[in-house]
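**Q** Residue-level listing of the chains:
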Amino acid sequence: MLEIENLTAEIDGKTILNGLTLTVPAGEVHAIMGPNGAGKSTLSYVLGGRPGYEVTGGSVRFDGPNGDCDLLDMEPHERAAAGLFLGFQYPVEIPGVSNVQFLREALNSQRKARGEEPLTGGEFLKLAKEKSALLKLDPEMLKRHVNVGFSGGEKKRAEMVQMGILDPKFAVLDETDSGLDIDALRVVGEGINSIMRSPDKAVLLITHYQRLLEVVKPDKVSILSQGRIVQTGGPELAVRLEEEGYDAVMAA
Amino acid sequence: MSEVVDLPTRKDEAWRYSRVERLQGVPLDDWRTIDVAAGESFRDTLVVADGEATKPTELHRWRVTVGEGATCELFAVLASAEFARLEIEVVLKKGAHFELGGITVGGRETVREFVTHMTHAEPEATSNQVVRAVHWGHGTGNFLGRIDVVRDAQKTDAAQDFKGLLLEKGASVNAVPQLEIFADDVKCAHGASVGQLDENARFYMAARGVSPELTQRLLAQAFLGDALVNLDDEALRDELMDVALAKVDRNL
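Same order as they appear, the protein sequences are chains L and A. Reminder that position 133 of the first sequence reads as 779 in our numbering, one-by-one numbering, no gaps. Reminder that position 48 of the second sequence reads as 1134 in our numbering, one-by-one numbering, no gaps.
Just so you know, the hints here were simulated from the structure itself, not pulled from any lab data.
Stretches of chain L that chain A covers, calculated by requiring three or more beta carbons in the stretch to come under 8 Å of a beta carbon on chain A:
#: 1; segment: 693-700
#: 2; segment: 714-724
#: 3; segment: 732-738
#: 4; segment: 748-760
What follows is a list of derived Cβ distance ranges for each label pair:
#: 5; chain 1: L; residue 1: K772; chain 2: A; residue 2: S1127; range: 37 to 45 Å
#: 6; chain 1: A; residue 1: N1286; chain 2: L; residue 2: V876; range: 26 to 34 Å
#: 7; chain 1: L; residue 1: K772; chain 2: A; residue 2: A1269; range: 50 to 58 Å
#: 8; chain 1: A; residue 1: Q1240; chain 2: L; residue 2: N682; range: 55 to 63 Å
The structure displayed is predicted, hence computed values, not measured ones. Cβ atoms here follow ideal geometry from the backbone N, Cα and C, with glycine treated the same way.
Using the sequences and the hints, build the whole thing.
**A** Right, dumping it as structure tokens:
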């Protein structure tokens, strides 16, 4: 579903991704782990098309609902409409715009781009309430401004509510587990399973810790270091990393 | 034979950022008088929008007296004319309240401005002014707000708040708060700031599938909304906001 081939990217002239190759087929959850500064967040921003992250080589093919396409050739909002979702490590606060308005505009923009009818206000609210319940987020919070005054954990749960509403084909989740307590971690992990575990969907799950992976059981685990994938294995690789640390595992 | 009229010059503080050359042939002494009798409430709006009735120069000069315990609320959107100016001189009697919500939007070489002069002539009066300016191209938005508090006007509570949002390099906003306070037991708050669209918010919205145009509209709406918060007529509020956003959308 996602094929990253020899990807290189830089920020302000500094190379961060350095020949990254990775394939995630439909139906899989692929966890990416790696030490600080390895390029994990950069990978998610490059996939999302954030301005300032310059791709200097390689390719990213995405086989979304509209068929196979060159992801890097598309604007960020077009990538979203093609079925890509980016879960932010630090969700952004937008004062003055309510969650309901933002998400309804977002969903209907995506639907329009795909040639689908927009949802009515009533239909949208029903969907939003259903997904809030799934993530155990008080639906009243949807009336509030986007992420404004949300705690760290609420922001992450709100991200997953957004994912549930937008129903993407492929999700890149950047440290969705950071800032979550143990109970919230379970809720978020189960949310990911419920929204994204499907033969026609896939997830790239960037994380530091094994704990989320105990809930969202990944099919594969890769280590990202110095801008490239240095090792790929099954879920047992994450367990080894947790026990032995990056240096030991990568040296082996 | 033409009569020689002394036009204001830019040396005059109240006309410092104006397009004074546009005043040629415009009647300068055409003041509208608004007298709000003691205990009464008055509300009015001014909308300068594109249309046949709108002249190249839209000069509006209002003299307002707010009687004892009376309330005057003015809301205005300056969204058209090469030079649009709403000038308001307000005298507040005991316990009176004056409210201004103002919006300027514009591009090209246009200048749109609010120039206000509050005189808190008696004790216990309150005034609140919120002005929001969104400009692009070489457009200019100004807010010159003078507040005089005379010696007997104890317990005055006067506030003015200005924020400018520049969508492009080349646009400008000017804020000139001017406070002269001769009473000692008063509250006078003033604030002014200028900024650009939040890049983080823009990317976040794009990552959810919202197009750059719609993102700009939503962020502009959130920004301008402050000026209309105290207008408690929802239909009227929507009407004023629509005029402003239509202009921002067209980027003219």
